[in-house]
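Enquirer: Since each chain comes alone in its own frame, lean on the hints to assemble the complex.
Chains as they are written, first to last, in the working numbering: chain A, 1 to 189; chain B, 190 to 527.
Derived from the structure by calculation, the hints contain no laboratory data.
For clarity, every value in this text was computed on a predicted model and none was experimentally measured.
From the three backbone atoms N, C-alpha and C, an ideal C-beta is built for every residue, glycine too.
Which stretches of chain B does chain A cover? Using the computed rule of at least three CB atoms under 8 Å from a CB of chain A, they are:
1) 191 to 204
2) 231 to 239
3) 254 to 260
4) 307 to 318
Residues from chain A shown here face chain B by an in silico Cβ test under 10 Å; the list is partial:
5) L22
6) K31
7) F145
Spelled out, the chains give:
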Amino acid sequence: MYPELTDEALTNLLKSDDPLALETLFDRYYKSLCQFCAVYTKDYTVAEEIIADIFIKLWDNRKESDILKIKNYLFVSARNQSINYKEKKKDPVDLVENFDLEQHLFTDKETPFRILSGRESYQRILLTIDQLPLRQREILLMSRFEHFDKQKIAEILGISVRTVETTLYQSIKQLRELLKNSSYFNSGS
Amino acid sequence: MEEQSYRLIVEYFEKTISDEGLTQLQEWIEESPEHLEQFSETIEILEASRVYFRNRDNAIQTWARVQAHIDQEEKPVIHAKRKIRWLAYAAVALLMSTFSLVFYFHKTTVPVDYAELSNPNGQHSRILLPDSSVVYLSGGSKIRYEKTFLGTKRMVYLDGEAFFDVVHQSRRPFVVKSGEITTVVLGTSFNVKAYASENKVDVTVRTGKVGVMASVAGKTQLVRYLLPDEQLKINTDNGLYTFNKADAREVSGWINNHFVFYNTPLKEIAVSLEHRYGVKIEFTDPELGESRLTAKFKNLPLKQVMEDLTTLSGLSFTQKDNHVFISNNDQKGGKIMK
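Chain B on its own, in the form it takes in the complex (with noise of 0.2 Å):
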């Protein structure tokens, strides 16, 4: 019986437990406090032994040595090796102490390491911060955290698409910079797209509540707040934003490698394919990405897509190597190139 009562015990911590064994482990504690006392020290115990290993992993500094054997070994990989750079800012960390009430982002005493991360077209990487939050940084993309969040803030910045799920701590926001462009949050998840190439900024809010500022002239500003599927796209160039519901799971599916465009000019819809599947898009004639295209592609390899696309607007691509042309229908016939 002894052994009996800890596998229902178990199962009742592991919520494995059939119904009919939760009556019989409810009737066997309510027949002596003995039982009442092994029920509850045996939770203890489960419980305690859980959290033995809640450990902080160096998940990307060992990935990094992995790939530095890897990369070693074979030279001509086509993968483009991740860079992992840890940048002191310790003499500036220095002078900013000395400042260190009057700057907001900047409390902290102790000089600041940043990892910095980079993904070359056409590769996607999964990124476990610091405080266990996970950031899914697309192709193209480059991100610089704090090695450990220990300031007032836990910043980030951002040139390209990730999306963020961030932990929650109160006393903690999560600020993403892209530029003039700041997100802050508690706990949330959203997707950020902000190439600084592309001279605009979307944000996108999957779960939670995101605050968007801009700098402007020097002063940080609230432009709005962003619940659930609602997403703000603001112009670098001009200030101008726009605000829409957007469904965000969507806008993030590319971290599943799902696109989906609506209304979108085929221009658009290069650059993320080129940020995806590494490769250069070129239209024959400007006029040609101009084309606005809805379109779902859930995992396709490019040719698929690049076939659809063409379809759908009419238009023809060759591929070579690594670049991709689209060009009219009719100009194909004069096969310019071979």
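Pulled out of the complex, with its shape left as it was, chain A reads as follows (with noise of 0.2 Å):
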């Protein structure tokens, strides 16, 4: 693999067939893409399998495809595949009341995340986040994301920076709401 090349020069070997750029771009981007679509799927097996779909693509339109940003295309194309999926899916078990929280466990015990997760206090705030709406969650979300930042997400999701901040901050205020209401954070913790 070529960990040291720019993406530009990985979407040029890309289009000259190197199979190796396409694998390094999948590394580089490949845990942060799930994560993304995961915000959307709420399911980790699908986000996967969407992202090998995109890659696949990737791959058969490498000649064609004008990319000038690649990591926008992947992040763009990520989003529109999980939204076709949610779209396509509709199932009612899929509601976000019903997220089964323990999708998102390790079976490992010694990991950050169960040891964080396992509090009462972080479970309650992770089944709460997917009661905010959409655009709520999914800026709070992907702005705890390695290497997103702001203007990576408005960029992705075509908005401006000003707005994802005040969305931000809208997440933050109404999820404290939400807990509020569900009387967690009085209950003493």
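Expert: This is how it looks when you write it as structure tokens:
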């Protein structure tokens, strides 16, 4: 692989049929893309399938595609695919309220996630995050991804940086209210 | 003002807050208990949303799907495909479970599934293990590991060279077995070079502490512990080993395509290059491989590397497809090969 190459260089190599360039991109963005997709699908397995399809498509269209910013391309397709998936599914079982936290959990007991999410307070917050309106939810979660900043979120969602900021603050405020109503913050923790 | 306070708290959480902002935030928090409450709740929310997706991913399996697609689309690609085989050792594990108390390395009673990955010469790969440890696997190397590290140890089998960056788990040691040599760590990063064909194992530590054990006549014993920038070279034919200081960053430089050789026989350099560039390097006279060189190559094409090497050693080379021949300058004048 070529971990030292820039996205632009990799995009060019990809056009000249180099599978290692694709693999490097995969390696570079896989984790973030999965997290990103899971914001919408709420299912990591589905997210991983979507990402595989995106890379397959990218490979198939490597000649035709005139991609300037591969990172944006990947995340925008990931978002579209995830939303399509949700639209197609529209399964009542998939409603926000029925979101199964277990699928976010490791079987491994010693991971930080397990330790943190094992705390009741975090579980409550995590479950309540899923009750937020989509826009607030996506911005709150995305703003916590590694290598993701306000500008990146604004570019991918096609909104202004300013809107990203205000939505983020609204989401926190909203979440606090939701938690307060369910008497979480008052329960002395 | 409310929005401004959220902005400051988020900046504080992201560690991007200015000194001025920090003072402002402190003053604001002290203003009222409600402000303090808003502060701590916001921090808690931000922390929780950060762990929302700490999920174990199956990057290797997902990539295998993409790779399968690429392979099926174009058959004549030179890049050999990556092999992934899942081996189920159900029968073995079942038998083992009977003796589970006796077997140190196999305490688990569930059948152990192994993942196996190999690189042809000329290809590197980065592998994410089930415990989030990272392995950089060099060319011409093969690794096998338990698909789920559920036992008391995280077992990895290596033939070839790899750099390990191991996630710390105090109760579950990470064990790299390469033939008779076993390297045991809790959480650290280190390089193991153990091509079965070379009858020697080099272990170099970059961070943390590593125990190297050798199995002699069926008994495993500790050879010694290694600390950062210490290196152990073991000849697996006769069990002799040397211990020395080495720059671990340089030893593991191959993961970034950097090669550093200190006073190394040309034939050893050639083997490293074979793994890296996927070529076969031959000496017209085996004697030529004995000369020792010191050289650094940072991400250079093979041709450049060969030119530098042969200039340094006063030799010359010719390349025919995937074969490189290193010969004496004198012989070149004869033009035996056309």
